[in-house]
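Asker: This is what each chain is made of:
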Amino acid sequence: MKTPEAQAEGKVFGAGAEEAAGSGVRHGTAPAPGRDRVAHTEATVIGTSPIERTTVAEPGSDPAAPGREAEEAAGSGSELMTINLGPHHPATHGVLRLLVSLEGEIVRDLKPIVGYVHTGIEKSCEDKSYWKVIPFVERMDYVSYYFQMEAFCGAVERLIGLEIPERAKYLRVIHLELNRIHSHLVWLGTSALDVGAMSMFFYCFRERDRVLDLFEMSSGQRMHTRYFQIGGVFEDIPVGFAEKVRAFCAEMPSRIDQYEALLTRNEIFLRRTKGIGVVPRERLLDLGVTGPLLRAAGEPWDLRKAEPYLSYADHEFRIPVGTIGDGWDRYRVRVQEMRESVRIIEQALEGLPEGPWIADDRKYVLPPRNELSTSMESLIHHFKLVTEGFRVAPGEVYNAIEGPRGELGCFVVADGSAKPARVHFRDSSFVNLQVLRDMCMDEYVADLIQNLAMLDPILGGIDR
Amino acid sequence: MPDAPGLELIAGELNDAHPGSVLETYHDRGQACLIVDPGQVLAVLGWLRDTSGQEYWFLASLHAADYLPAEPRFGVHYELLNMARVERLRVRAALDDPGGDDLPELDSCVDMFPTAEFQEREAYDFFGIVFRGHPDLRRILMPEEYVGWPQRRDFPVGGEPVIFTHNEREVPRWYE
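Protein sequence lines correspond, in order, to chains G and Z. Here the first sequence stands for residues 1 to 464, numbered as in the working numbering. Here the second sequence stands for residues 1001 to 1176, numbered as in the working numbering.
Do not take every clue at face value.
Unchecked claim - A few chain G residues that don't get close to chain Z, going by computed Cβ distances all over 12 Å:
| # | residue |
| --- | --- |
| 1 | 100 |
| 2 | 226 |
| 3 | 336 |
Claimed, not checked - Short, incomplete list of chain G residues facing chain Z, as computed with Cβ under 10 Å:
| # | residue |
| --- | --- |
| 4 | 113 |
| 5 | 161 |
| 6 | 286 |
Note that these hints are calculated values from the structure, not bench results. For clarity, every value in this text was computed on a predicted model and none was experimentally measured. All C-beta atoms in this analysis are idealised placements derived from N, C-alpha and C, irrespective of residue type, glycine included.
In isolation and in its complexed conformation, chain Z is listed as follows (with noise of 0.2 Å):
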């Protein structure tokens, strides 16, 4: 894990290479963390995995968060992973919720990391995040017709009401 002022000095380079990138660094409980503006996570990734001193180029994990009622409600988090020096660093995507019926998106980064094409499509089909670019963006483990975001905060936990053989008949079912 780079620590504090590591993490502060990468933040200043990636800064410095692309301006407005990152919009916040923590460093908690010995992990890193860089926040950063969901336009320019690409160029922040590659900026990660191609420079000497960085290479960060294995993406551990690719996954999302819903901080409701923080905001930027919508965090898309890449555990980066330097196997060489065995540090781990934090990227996070701050997506704001765009409201009504539009999805929040980002840039698919399936290109830079193979590994994120199941990550994505997970992170779409629980959060109904967008992806740009994703070659084959669809639902992975809900059904492919299902309509709602069933991870988000605000989509109870108990979503769907129960079908007893009682009720089976009043209870209108997901495709109804």
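This is chain G alone, in the form it adopts within the complex (with noise of 0.2 Å):
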């Protein structure tokens, strides 16, 4: 229904008593020019309001960049107020601040505020041991603790030179393909929240338990398991393990379907992500975002297919690979991710071989303890590794893996000592949050959550 002239403006709600006594009900104004959606709709709007709603960009301009125009269209006389997000919220992922400069609802600026959780995990690991590092790093992403485990022990496992068994590799990417389901579970069950579908997070959740069971049948531990070891794993899988995680598996798919089922097709989804918070693949590559953000732009990399490491060269699985890199993208390619995990988890347990699960060298790995009462090196060496630890001989490495949410890189510094002289870690998510900015520019908030919960940031991980 078209409205007087004074509305088309852009003003929805009567500026003046007289125009809100005339009618207490006024109607949607005919779609404005730009992104103002909510216009759209033939909406009942009740009362006045003293908000005044900004209507952005000119017809035919590039939504996803409405940039310069703008702020022109909105006029010189509005003014930024800047506002804080946290730390503490129910929609952030962690203790993650952000100052944020809005104008009405448009977000004109944003500046993340971390070191909330800081504990120095990376100054503490220069006092321990590298076993003693282990658990340390383990904490630090804390939903993907797997990969953490694995950057690290495949560093100092560089460092020395030494080599794992096959079935090890296996076991560590049954392990690390687990971890990343539930990662990508835990992302889904949260991110669905944040946009309004609370039942997600349950059945997310629901999945996630099986996970954790899984990984305390092989461990011991739900979370946290230090279960990889330098020179392969802790000890061998149970019986009854790789009967369990067959059936994981083959329920699995069915579940993702009913995830899909609940959100892909969804109209509030859809209108929620659809074309939200996209980067240009260059800016993307600029800002060192890997992974799924990485992904959902249309550039296919990842380190298990570039530079494969443990066993992912023997496995079989593809890269889905999104197109524009907006909101649905991401969701998409993660929850595909989902499906090529329980493939190579599949795989990994057709062709898990007989053999040792740890390495044999017994300078770097305990020997067997039936061996303690008989053998007085086994003893010796026994004593030697558990009081001072081994040595690494001087030397620096970088090794990187893919993680949940990219690039997960360990620089570990040896000075031939038993301890490390620095741990440092390119966590995925510390460089990936440098692109909230662009992705939330010149957007409305409620977009900014849902960017936020896209991007997946794990503070553990940022915050070391």
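Make one complex out of these two single chains by using the hints.
Answerer: What follows is the structure in structure tokens.
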């Protein structure tokens, strides 16, 4: 229904008392120019409101990058309001504080402030022998703990030059891919919760609990299992583990179908995520973004395929790649990655070789306990490894693996003693956080929440 | 990873283009590293990024390390990646500690690699390395008013006394 000229300027709510008194009910305006989507609906607005809605951009401008025209169109009369989002906030994934400068509901500037969970893990690692560092670095990115273990153990194994047995490689891959599924389930549940689909949270966490039960079966702990050791894995998988993982993998694709049935064609989810948070691929590469964010923008870069490590070269899996890199593409890429991870686990179980689960080099790996009562050398090595730890010849190495959020790199400097001289983690969330500003500029605040969800930051990794 | 002869070739060409930039190379555990003069680090990074045949235009990681008691003390590492050939190359800018209250300085590469913004802030926060030309060089993980460079090797691990209930009045906090 066409409304008077006064309202065609973009003000939906009546400005004067006489207009309000005249009819308490206002109808939505004709579609205002730009991306003011709510005004497109013929929603009935009751009463007046002191809030004035600003319209953005001229017709025909790219909704993904309103840019400068938006500022001019909005007029110079509006001033920026800087508000503080967080660090405690139901929508942020961890203690992330955002200083957001708003013009009406449009984000004009964004500054993330981090450091609220900084616990000095990298510094503490310099005081610990190499084994003792493993439980420390697990706890950085607390959702994808196996990946931190793999990055660190891989780096130290490179420094030592230790080859891990085939069975250990396959077991590591099984646990890494289970952890990837776990991480993506946590992401999907919390992101859907942010967007408003609350039941997704419970469905995803139901599956997540099954993964945690599998971890408990293999290592005794649900999270932060300390399962990977220098030279392989801590101990062999128990009887029945392979069957349980197979049962999980058999059921998981239908569960993922259920999640997709809830969200993929859901109109509300599509309207929230389609076309939101698009950053050009070149800008993503400039900002060092890797992982599902980069793949959603169309760059097929995955370290499991580019620089195969462990047993990934033996498995057949595809890399899901998106097209434009909006929120919906990121969602699709991660859900598809869950399916591919299920395939990798099934293949790894099929091809799981027999043999030792940890390397045989007694200089770096504990001897089996039954030898301690018969062999003096085993006892001495056990004693030295447990009290002092093994020494690593001086050198430095950077080991990068593909974590659920992107490239997770571990840089270790060894100085010849039993303790590392420097352990640094190139955490994917830390580098990916730089793209949040680009994603949220000149978009609505509600889209900021959604962009943050699709970015999938884990503050433990950002802050370390 | 460029192999050892390849690394020497790169170092040679780099020294031809920018004399005196490469101080040393080493190829260890399958990884290649160029140790460069910190004053020419931007030239080196630019050459590695722009020269056809090199094209290391992805900066995977920028981090610093303290090699105390070795000299030069600080090393700022640039982990470069060539995505097309999947080759990694490490460039280490060897910085000296100026001593006293002065901080070591280095040129910022944020214009070349925007990903360096947060990572240079982290190196400043933990080591006190000042990056000239960085748009917003301030602490990122430690509190803004913190005094000290925590990740340096001479900063003790238990750098701050633990505040229990029995000594909370006597122990000075870091902001006092």
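Asker: All the hints need checking, so say for each whether the structure fits it.
Answerer: Verification of the hints:
With a cut of 12 Å on Cβ distances, residue 100 of chain G stays outside the contact zone with chain Z, its closest approach being about 16 Å. Its beta-carbon lying about 21 Å from the closest one in chain Z, residue 226 of chain G satisfies the requirement of being farther than 12 Å from that chain. Non-interface status of residue 336 of chain G relative to chain Z is upheld: no Cβ of that chain comes within 12 Å, the nearest being about 22 Å off. Given hint, residue 113 of chain G at the interface with chain Z, holds; its Cβ is 8 Å from that chain's nearest Cβ, closer than 10 Å.
Given the 10 Å rule on beta carbons, the hint for residue 161 of chain G holds: about 7 Å separates it from the nearest Cβ of chain Z. With a least beta-carbon distance of about 5 Å to chain Z, the hint placing residue 286 of chain G at the interface is held under the 10 Å criterion.
Of the numbered hints given earlier, the model fails none.
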